[in-house]
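Enquirer: Same order as they appear, the protein sequences are chains A and B. So the first sequence is numbered by numbering that gives the first Met the number 0: it starts at 0 and just counts up by one. So the second sequence is numbered by numbering that gives the first Met the number 0: it starts at 0 and just counts up by one.
Be a bit skeptical, because a hint or two may be false.
Straight-line Cα separation of at most 27 angstroms, DSS-like style, residue types lysine-lysine; simulated pairs [to be verified]:
1) B/K125 <-> A/K98
2) A/K21 <-> B/K21
3) B/K51 <-> B/K41
4) B/K63 <-> A/K21
5) A/K98 <-> B/K51
6) B/K125 <-> A/K63
7) A/K51 <-> A/K98
8) A/K21 <-> B/K98
9) A/K63 <-> B/K85
10) B/K41 <-> A/K21
11) A/K41 <-> B/K51
12) A/K98 <-> B/K63
13) A/K98 <-> A/K85
14) A/K125 <-> B/K85
15) B/K85 <-> B/K125
16) A/K63 <-> A/K51
17) A/K98 <-> A/K125
18) B/K41 <-> A/K98
19) B/K125 <-> A/K21
20) A/K85 <-> B/K125
21) A/K63 <-> A/K21
22) B/K21 <-> A/K41
23) A/K41 <-> B/K41
24) B/K125 <-> B/K21
25) B/K41 <-> B/K125
26) B/K63 <-> B/K125
These are calculated hints, taken from the structure and not from any lab test.
Protein chains: 2
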Amino acid sequence: MTNVQFNENGLVPAIVQDAQTKEVLTLAYMNQEALDLTIETKESWFYSRSRKELWNKGATSGNKQEVIEIRYDCDQDAVLLFVNPKGPACHTGAVSCFKGDSENDRNTSNPFAILESLEKTISNRK
Amino acid sequence: MTNVQFNENGLVPAIVQDAQTKEVLTLAYMNQEALDLTIETKESWFYSRSRKELWNKGATSGNKQEVIEIRYDCDQDAVLLFVNPKGPACHTGAVSCFKGDSENDRNTSNPFAILESLEKTISNRK
Numbered sequence: 000m001t002n003v004q005f006n007e008n009g010l011v012p013a014i015v016q017d018a019q020t021k022e023v024l025t026l027a028y029m030n031q032e033a034l035d036l037t038i039e040t041k042e043s044w045f046y047s048r049s050r051k052e053l054w055n056k057g058a059t060s061g062n063k064q065e066v067i068e069i070r071y072d073c074d075q076d077a078v079l080l081f082v083n084p085k086g087p088a089c090h091t092g093a094v095s096c097f098k099g100d101s102e103n104d105r106n107t108s109n110p111f112a113i114l115e116s117l118e119k120t121i122s123n124r125k
Numbered sequence: 000m001t002n003v004q005f006n007e008n009g010l011v012p013a014i015v016q017d018a019q020t021k022e023v024l025t026l027a028y029m030n031q032e033a034l035d036l037t038i039e040t041k042e043s044w045f046y047s048r049s050r051k052e053l054w055n056k057g058a059t060s061g062n063k064q065e066v067i068e069i070r071y072d073c074d075q076d077a078v079l080l081f082v083n084p085k086g087p088a089c090h091t092g093a094v095s096c097f098k099g100d101s102e103n104d105r106n107t108s109n110p111f112a113i114l115e116s117l118e119k120t121i122s123n124r125k
């Protein structure tokens, strides 16, 4: 039996990973009920901290997630779901909630940033 | 610029993913300083909730993590690190903290569980 450690708010973070592509899709939170429903229905259920309610992922959008496997970490205070997503995971329509906001993306949004970096390198090699 | 949302304890959850294998290694927590140090040193830094101190992953074990990329999620309250790990991520010696404790593992620990499942299938097909 699992002995999942819920935090002081009764929640445990759940990482959602695409079972095929291995892409990390979302970090969401579960309470005991959401975890039980996920195990029972093999669909991902979370607890929305903003709406303060249980949330069956994709129930309105249709972008459900079939849960293939559930793992827990070494100290059982984090959950990892392997899923087959039926559509985009993110409310923005992106495949993953972690799309399009990386340090790298920001750097490449200013193509001239490389010049400053180059100038420093040249200066250091004098 | 990022505008990372730290929780009421000043922490943000950080998912650590192997940049090559895409395996999820750990879920840890960062405060602002840990995030700054991670960006600056390109090594993973976390905040240990139990020890209440900054923690440079691998500083004692040698199992450091070279940080290749840092991403934030759509509402900027979760971090995703792509890393090249220099050794096991877990204090147990496992490659990932999510190894060896899955619902599936538990099921296969009882090899006869398949019989019950088979019996149900046969019964349903009568």
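Enquirer: Compare the structure with each hint and give your call.
Expert: Verification of the supplied hints:
This hinted pair does not check out: B/K125 and A/K98 have alpha carbons roughly 48 angstroms apart, beyond 27 angstroms. Distance restraint check for A/K21 and B/K21: the Cα-Cα separation of roughly 6 angstroms lies within the 27 angstroms cut-off, and the hinted pair is therefore satisfied. In summary, the hint linking B/K51 to B/K41 is supported, as the alpha carbons are separated by about 22 angstroms, within the 27 angstroms threshold. The hinted pair formed by B/K63 and A/K21 meets the criterion: a straight-line CA distance of about 22 angstroms does not exceed 27 angstroms.
With a CA separation close to 31 angstroms, the supplied pair A/K98 and B/K51 exceeds the 27 angstroms bound. A threshold of 27 angstroms between alpha carbons decides the hint, and for B/K125 with A/K63 the separation of about 32 angstroms lies outside it, so the pair is violated. In summary, the hint linking A/K51 to A/K98 is supported, as the alpha carbons are separated by about 26 angstroms, within the 27 angstroms threshold. At roughly 15 angstroms between alpha-carbon atoms, A/K21 and B/K98 fall within 27 angstroms of each other, so this suggested pair holds.
With a C-alpha separation of about 36 angstroms, the suggested pair A/K63 and B/K85 falls outside the 27 angstroms cut-off, and the hint is violated. Restraint check for B/K41 and A/K21: the C-alpha separation of about 23 angstroms stays at or below 27 angstroms, so the hint holds. A distance of roughly 37 angstroms separates the Cα atoms of A/K41 and B/K51; the hinted pair therefore is violated under the 27 angstroms criterion. Using a Cα cut-off of 27 angstroms, the hinted pair A/K98 and B/K63 holds, with the two alpha carbons roughly 26 angstroms apart.
Distance restraint check for A/K98 and A/K85: the Cα-Cα separation of roughly 18 angstroms lies within the 27 angstroms cut-off, and the hinted pair is therefore satisfied. Simply put, A/K125 and B/K85 have alpha-carbon atoms about 34 angstroms apart, too far for the 27 angstroms limit, and the pair is violated. Distance hint between B/K85 and B/K125 is unfulfilled; the C-alpha atoms sit about 55 angstroms from each other, more than 27 angstroms. A threshold of 27 angstroms between alpha carbons decides the hint, and for A/K63 with A/K51 the separation of about 20 angstroms falls inside it, so the pair holds.
Under the criterion of a C-alpha separation no larger than 27 angstroms, the hint pairing A/K98 with A/K125 is inconsistent with the structure, at around 40 angstroms. With a C-alpha separation of about 20 angstroms, the suggested pairing of B/K41 with A/K98 holds against the 27 angstroms cut-off. This hinted pair does not check out: B/K125 and A/K21 have alpha carbons roughly 39 angstroms apart, beyond 27 angstroms. With a C-alpha separation of about 32 angstroms, the suggested pairing of A/K85 with B/K125 is violated against the 27 angstroms cut-off.
At roughly 17 angstroms between alpha-carbon atoms, A/K63 and A/K21 fall within 27 angstroms of each other, so this suggested pair holds. For the given pair, B/K21 sits about 23 angstroms from A/K41 by alpha-carbon distance, which is consistent with the 27 angstroms threshold. Annotation: proposed proximity of A/K41 to B/K41 is violated, straight-line Cα distance about 38 angstroms (limit 27 angstroms). At roughly 43 angstroms between alpha-carbon atoms, B/K125 and B/K21 are farther apart than 27 angstroms, so this suggested pair is violated.
A hinted pair counts as satisfied when its Cα atoms are at most 27 angstroms apart, and B/K41 with B/K125 does not qualify at roughly 61 angstroms. Restraint check for B/K63 and B/K125: the C-alpha separation of about 57 angstroms exceeds 27 angstroms, so the hint is violated.
The earlier numbered hints that this structure contradicts are 1, 5, 6, 9, 11, 14, 15, 17, 19, 20, 23, 24, 25, 26.
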